[in-house]
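So the sequence shown is numbered by the numbering used here: it starts at 883 and just counts up by one.
Honestly, the hints are just simulated from the structure, not real lab data. Among the hints, a few may not be true.
Pair by pair, the computed Cβ-Cβ distance ranges are [said to hold, decoys possible]:
id, residue 1, residue 2, range
1, F897, G991, 31 to 39 Å
2, A971, A1001, 17 to 25 Å
3, S999, A928, 23 to 31 Å
4, S995, T1023, 37 to 45 Å
5, V979, T1023, 31 to 39 Å
6, P1033, G934, 30 to 38 Å
7, A941, W1003, 25 to 33 Å
Ideal placement from N, C-alpha and C gives every residue a C-beta, glycine not left out.
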Amino acid sequence: MAYAVAAYLHFVAIFLLFSLLVLEHQLFRLPLNFKRARSLFRVDLAFGIAAGFVLVTGAARAMRYGKGLDYYLNNSFFHAKVGLFVAVALLSIYPTVTFLKWRPALKAGQVPSITPSAARWVKTVIRIELLALLLIPLLATFMARGLGVIPQ
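With the sequences and hints as input, model every part of the structure.
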């Protein structure tokens, strides 16, 4: 039963992570208004928390509630999957820093400013993150089927 619960929590965390990034993509458009800017700030914070939840539940599955750490560490698709997750985490730094810079304006009840160029970069990065997140379940499917096992 614990294995099923661990898998369930991991899947819910992944769905939440993806949903929050889709919401961020939908909310981020110019011209910016106060309500959307504040929502973006909050959604990005929730995205970070969800990413941490994905990481914790994934680690729990790999170490305790899955096929065993040796199985995962000796699978190239696992490494690719974790690599993509790390890439998403690194990419998410740019939008997060952008939204954190808005904090003083939001606290003052003002609409934060962003240049059209910076806005295009944020939107592009979010789209790349979404694409990478879409590839992770494909890699997980290959991994779960025993593909990518590194011979020892």
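For each hint, the structure was consulted:
no.: 1; hint: F897 with G991: 31 to 39 Å; verdict: holds (34 Å)
no.: 2; hint: A971 with A1001: 17 to 25 Å; verdict: holds (22 Å)
no.: 3; hint: S999 with A928: 23 to 31 Å; verdict: holds (27 Å)
no.: 4; hint: S995 with T1023: 37 to 45 Å; verdict: holds (43 Å)
no.: 5; hint: V979 with T1023: 31 to 39 Å; verdict: holds (33 Å)
no.: 6; hint: P1033 with G934: 30 to 38 Å; verdict: holds (34 Å)
no.: 7; hint: A941 with W1003: 25 to 33 Å; verdict: holds (31 Å)
When held up to the earlier numbered hints, the structure conflicts with none and fits them all.
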